[in-house]
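K.L.:
From first to last, the protein sequence lines stand for chains A and B.
In terms of full-length UniProt numbering, the first sequence is residues 1 to 166.
In terms of full-length UniProt numbering, the second sequence is residues 1 to 75.
Derived from the structure by calculation, the hints contain no laboratory data.
Some clues are possibly wrong.
Taking lysine-lysine pairs in the BS3-like style, the calculated list, with each CA pair at most 27 Å apart, reads [stated by the list, open to error]: (1) K132(A) to K67(B); (2) K140(A) to K60(B); (3) K161(A) to K8(B); (4) K82(A) to K132(A); (5) K44(B) to K156(A); (6) K98(A) to K132(A); (7) K146(A) to K8(B); (8) K140(A) to K166(A); (9) K156(A) to K166(A); (10) K146(A) to K161(A); (11) K38(B) to K60(B); (12) K82(A) to K60(B).
For reference, the chains in residue letters:
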Amino acid sequence: LLGRLSQENCLNWGGEGCNELRSHHCTPSSLAHESVVKSKDFSLPTYVDRRDYALPDVAHEKEKASWSSLSTDEKVELYRLKFRESFAEMNRGSNEWKTVVGSATLFICFTALIIMWQKSYVYGPLPETFDKEWVAVQTKRMLDVKVNPIQRLASKWDYEKNEWKK
Amino acid sequence: MAPEVLPKPQMRGLLARRLRFHMVTAFVLSLGVAALYKVGVADKRKKAYADFYRNYDAMKDFEEMRKAGIFQSVK
Chain A
1 LLGRLSQENC LNWGGEGCNE LRSHHCTPSS LAHESVVKSK DFSLPTYVDR RDYALPDVAH
61 EKEKASWSSL STDEKVELYR LKFRESFAEM NRGSNEWKTV VGSATLFICF TALIIMWQKS
121 YVYGPLPETF DKEWVAVQTK RMLDVKVNPI QRLASKWDYE KNEWKK
Chain B
1 MAPEVLPKPQ MRGLLARRLR FHMVTAFVLS LGVAALYKVG VADKRKKAYA DFYRNYDAMK
61 DFEEMRKAGI FQSVK
């Protein structure tokens, strides 16, 4: 906690974003406990809880004194004044993944239903080359010309016994 | 926050540690995949071809094909 408090940096990172966008997350930390922003007070410097940016501009008098003189509660209060959420709080997981997985599966199943309907009502019959008899004659011919005799088709046929190799 | 003191986290050398981990892992995985390919695909194929041609009789093969009736020039 105190590691973040110890770095005071005057980069006005939050400032230019807020002036244009008036986005609701740019609030002074003391107001941040409520989720609704009552007033856009640009007199105070702004900050946002971000894992990769640990240098907000808010300064506090007590920090300027020696920190070992603060009690634990005062340290927590000091932290809360400066930051809205701790790392543990801001990094908390959520149950959103269940919603995502559920809705994705639902829509995929709906698509499957559409495809089944298409097979019955939209597509015409398969060409004759898919018939079992046609495929059998075609395979016999491929074995006669010895297609892929070393690794694939004909290598799996036993020419002496006239059957597939076991 | 309770009064327990957390251990100080690692503050330095984070990129170096990450790079080292990923370089080593990438090296090992690449070599592994290459070795598996050599054994499972390349050597297996070379052996299959060697075994096929060791006792291969081209004329016998031709006779089998001719009897199956696939040629137009010889019946």
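K.L.:
Provide an ascending list of the numbers of those earlier hints which the structure does not satisfy.
P.N.:
3, 4, 6, 7, 11 and 12
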